[in-house]
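Student: Sequence:
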Amino acid sequence: ACALELQKNKIDFHIFEASDGVGGRVRSDIIDGFILDRGFQLYNPSYTEGQRLLDYQALDLKPFTPGVAIRDGKRLRIVVDPFRSKDFRYRLLKDLPGSIFSQLGLLSYFLKYLITADAQISVSADISAQQSLTKSGIKGSLLEKLFRPFLQGVFLESELNTSRKFLDTVLKTFLRGIPSLPAQGMQQISNQLASKIPSENISLNTKVLRIEGNKLITTDGEIETKKIVVATDPSTAISWLNLEVKKMSSVTTWYFKADPKVNSIVKSKPLLFVDGKKSGPLTNAVVLTNAAPSYAPTGQVLVAASAISPNENAELIEVKKHLAVLFGVPTDKWELIKKYEIKEALPAMNPPYSLINSNQISNDLFVAGDHRATSSIQGALISGTNAATLVKVSLGL
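Converting from the sequence shown to our numbering requires adding 440 to each position, the first position being numbered 1.
Check each hint, because a few of them may be wrong.
Unchecked claim - In silico PhoX-like pairs for lysine-lysine, Cα to Cα no more than 20 Å straight-line:
#: 1; residue 1: Lys502; residue 2: Lys514
#: 2; residue 1: Lys450; residue 2: Lys832
#: 3; residue 1: Lys666; residue 2: Lys514
#: 4; residue 1: Lys667; residue 2: Lys448
#: 5; residue 1: Lys707; residue 2: Lys526
#: 6; residue 1: Lys709; residue 2: Lys697
#: 7; residue 1: Lys697; residue 2: Lys686
#: 8; residue 1: Lys783; residue 2: Lys514
#: 9; residue 1: Lys701; residue 2: Lys612
#: 10; residue 1: Lys773; residue 2: Lys760
#: 11; residue 1: Lys552; residue 2: Lys575
#: 12; residue 1: Lys647; residue 2: Lys534
#: 13; residue 1: Lys514; residue 2: Lys534
#: 14; residue 1: Lys760; residue 2: Lys779
#: 15; residue 1: Lys697; residue 2: Lys760
#: 16; residue 1: Lys761; residue 2: Lys514
#: 17; residue 1: Lys697; residue 2: Lys773
#: 18; residue 1: Lys773; residue 2: Lys701
#: 19; residue 1: Lys718; residue 2: Lys579
#: 20; residue 1: Lys450; residue 2: Lys667
#: 21; residue 1: Lys636; residue 2: Lys655
#: 22; residue 1: Lys647; residue 2: Lys667
#: 23; residue 1: Lys761; residue 2: Lys502
#: 24; residue 1: Lys448; residue 2: Lys717
#: 25; residue 1: Lys761; residue 2: Lys701
#: 26; residue 1: Lys760; residue 2: Lys579
#: 27; residue 1: Lys552; residue 2: Lys612
#: 28; residue 1: Lys717; residue 2: Lys707
#: 29; residue 1: Lys514; residue 2: Lys760
#: 30; residue 1: Lys783; residue 2: Lys717
#: 31; residue 1: Lys697; residue 2: Lys514
#: 32; residue 1: Lys760; residue 2: Lys686
#: 33; residue 1: Lys718; residue 2: Lys761
#: 34; residue 1: Lys697; residue 2: Lys761
#: 35; residue 1: Lys575; residue 2: Lys534
#: 36; residue 1: Lys761; residue 2: Lys778
#: 37; residue 1: Lys832; residue 2: Lys448
#: 38; residue 1: Lys760; residue 2: Lys778
Note that these hints are calculated values from the structure, not bench results.
These numbers were taken from a predicted model, which means no experiment stands behind them.
Construct the complete structure from the given sequences, taking the supplied hints into account.
Tutor: Next up, the structure:
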């Protein structure tokens, strides 16, 4: 995003990428015909910066069902947005957990943020997500069986200590768009952005070791430049630039070649499964091929299962046992394709939090990344654009 903005303003630039491909944390691998994103992730087409920079038609976005399947002991609750999903909406009244008072609180909460301007989110006092929900009347089983299991997969933390500002931003985003997968994997988002940049402007497998003034010390030598934008992982940016240290959340995703019987429970609909009883290590699980059949060879079924701290190191036998509980089918013959351990998946966003943080370190040094905005693809894109704009200003253009 930063490079595209520089290119638009006719500012010469060069990207030095330490790995063998662009994308950072938004990467995918292909193993035996299965598309495996590096950690389960989705893209929301309501992201305004994504709408500006990406060609959605070319991405061929495959939407999930806007809702969640909650394993509640032997019972499976299916809660969907009744206005955007014909599937299962007849079950909403009997499957939505919580008292009538909590449910009214939920209705009030969503109505409030449907009419709240985006700018108002930033100026209101900040508290934790859990405090915001309980203050609105969302408590008891509605909180513990629906909101906490779902949101911990979004925030990658189970205490819901994440900023209320980010919670509100996330919920408004979900109301405006349906989380989706590009037909050929999340990597296509990164590839599409990179395809707009001349290949000679990108050096792969070139690690920047350190910055010395206006000089980059790389594995391929030294490069002098007028301006530098540090668009690395948060930990590297923090150590190079002496930024405020942020806690990073980790997540582990297991990908399985599954038995097609798993589809029978939700009529092959792409629903996210969570556990309202916390009966195992998994945070969530989903049949990816119900949304995007292209993620697997014809006729094959791909399941993603994810766990956050303190369960990210769960044993395979525990994971498969929990999957059997969630989906209600035997999983002992499911084949593990690959396990991804993402140690620094998302920067924490604890209150008080600013949704936009400075992208300028000095007149010649800038920083970009989701840690400067919101922990999302939208945040990363906005941050990159903002950094490029500041570079332009510093050049007097």
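Student: Please list, smallest to largest, the hint numbers that this structure does not respect.
Tutor: Result: hints 1, 3, 7, 8, 9, 12, 21, 23, 24, 26, 28, 30, 31, 32 and 35 break, sorted rising.
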